[in-house]
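With chain W fixed as given, assemble chain E onto it according to the hints.
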Amino acid sequence: MRQIVRRSLRASGRPRFRVVVGRLEIDFKQQVFHPGHATAGARLLEVHERKCVIGHGLFDGESNCTAVLKAVMVSLNEETRRSVPFDPVVRAALEKFAASQDGLPT
Amino acid sequence: MTDKLIPEGFRTLNVTDDFVGLIGPLWFKAEGERLRVGLPLEPRHGNPMGWAHGGLLVTVADMVMGAGSAHVTGIRWPHPTISLSTEFVRGAKLGQWLEGTARIARRTINFCFCSCDLVCGGEIVLVASGVFKVPDVGKIPEAMRSKVMGKWE
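Those protein sequences? They're chains W and E, same order as listed. Going letter by letter, the first sequence gives residues 1 to 106 in this note's numbering. Going letter by letter, the second sequence gives residues 1001 to 1153 in this note's numbering.
Simulated from the structure, these hints should not be mistaken for laboratory data. Here the structure is a predicted model, which means the values were calculated and not measured. Check the hints yourself; a few may be wrong.
[Said to hold, decoys possible] Capping the alpha-carbon separation at 27 Å, the derived lysine-lysine pairs in BS3-like fashion look like this: (1) Lys29(W) x Lys1133(E); (2) Lys1093(E) x Lys1004(E); (3) Lys1133(E) x Lys70(W).
In isolation and in its complexed conformation, chain W is listed as follows:
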C-alpha cells in the first residue's frame, strides 16, 4: 500500500511522506497450514489529518479469508520523530485512494 501511494506521488512530483504503524488490530479467522501459500491484499480505508487507516485481508491458497487486519498509520516528521499533519497535496491524493471503489489510483 505504501509503495502504491509513494509511486503515485513521485510520478506527479509530489512531496515524499513518511508514515509509521501506530496501531494494529488483527482478527484471525482460521489457521493456514504448510505447505501452501498466502496472499495479502490491502486498501486505504480512511484518511485523517495526521493518520490513515489501511485494511488488510489475508487469504489462503483456496481464497478463504484467514485473517483481517486494520492498521493505523501515523504521519511522521523524521527529524522531530513526532506526528505531523499530511501535506495537503498528499492528503488529497490519499483521499482519492480512499474514495475509489477498488482502492487503486484511477
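Just chain E now, kept in the frame of chain W:
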C-alpha cells in the same frame, strides 16, 4: 555481547515453533503465576530506521501472552491467537533488553483474555491485548501430553 543483556535467572524458552526460532531464542523467568518473557534486541531485529522492527515487537507480545496463557492454564502447548491488538507507544532501541509479562483478565474453558506491556530500557514501547484459545488436552498427541502439563518453573 547480547548475553550481558539477559537478566539473571532467565532461561531459554523452548517452544516448538520454527518462526520464533528466527527471532529468538526467547528467554523466560517464572515468578509464581507470572511468566516474564523477553529477548535481547540485536542488529538483526532492526528496521531501516535503526529501531526494533514493529513486526518483532508484535511477535514478542504475541509470545508473551501466548506463553503467559499456557503458564496460567498449566498446558505448555500452543494457545492459538484469536485476536490481537497492539499500540506502538515509542521506538525500542537495539542493544537493550525487551521484556513483557502477560496479565490474564479472565480465563474460561476455551479462552484466555490477556494484555501485556513490552518494556525496553525502562520505558513501555508497546501495549497489547489479545484473546488466546485454550487447547483441547485430548487433542495433544499422547506421547507429548505428560511432558507439556504443568507450569514453567
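Quick rundown of the hints versus the structure:
1. Lys29(W) x Lys1133(E): With Cα atoms ~12 Å apart, Lys29(W) and Lys1133(E) stay inside 27 Å; holds.
2. Lys1093(E) x Lys1004(E): Cα-Cα ~16 Å, so holds.
3. Lys1133(E) x Lys70(W): holds, 21 Å
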